[in-house]
Amino acid sequence: MATFHFDLVSPERIAFSGEVEQVDIPGVEGDLGVMAGHAPLVASIRPGIMTVTVGGKHEKIIVLGGLAEISEKGLTVLADTATSVAELDAAAFADKIAQMEEDLKEKEGSVLDQAIERLDHFKTIQRQIVNSTAMH
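According to full-length UniProt numbering, the sequence shown is numbered sequentially starting from 1.
In silico DMTMM-like cross-links for lysine to aspartate or glutamate, where the CA-CA straight-line distance does not exceed 25 angstroms:
1) K60 - D120
2) K73 - E29
3) K73 - D7
4) K96 - D80
5) K60 - E21
6) K57 - D24
7) K60 - E29
Calculated directly from the structure, the hints in this document are not laboratory data.
Start from the sequences and build out the full structure, keeping to the hints where you can.
Take a look at the structure:
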């Protein structure tokens, strides 16, 4: 399978840099699969789980928003936060969700709508982590 260069950058570090076969990205307008030769594109990323395929193996990485740029040079993802599912502290993530739920009481209008949407994304990530852990 053809490969392409992929860089995953967060404010804290370069989370990944190397040749990959495929990257599946949780896009704001829908999930996006990127392979070698993909058309140039810039897409916003929603909170979710990105899957990176290298050597036929899949690595799952939680991203909490950002931008993806596909060019002739490859794929660059500028993520607000990027954490490998294997490195995730599940208890801390659950606490973050509980705090987000508590904070909803203080919000209203469009700010409340945005907070609910972000909370829904976090809960979806949590369900995906639980389901993938239970199956493996």
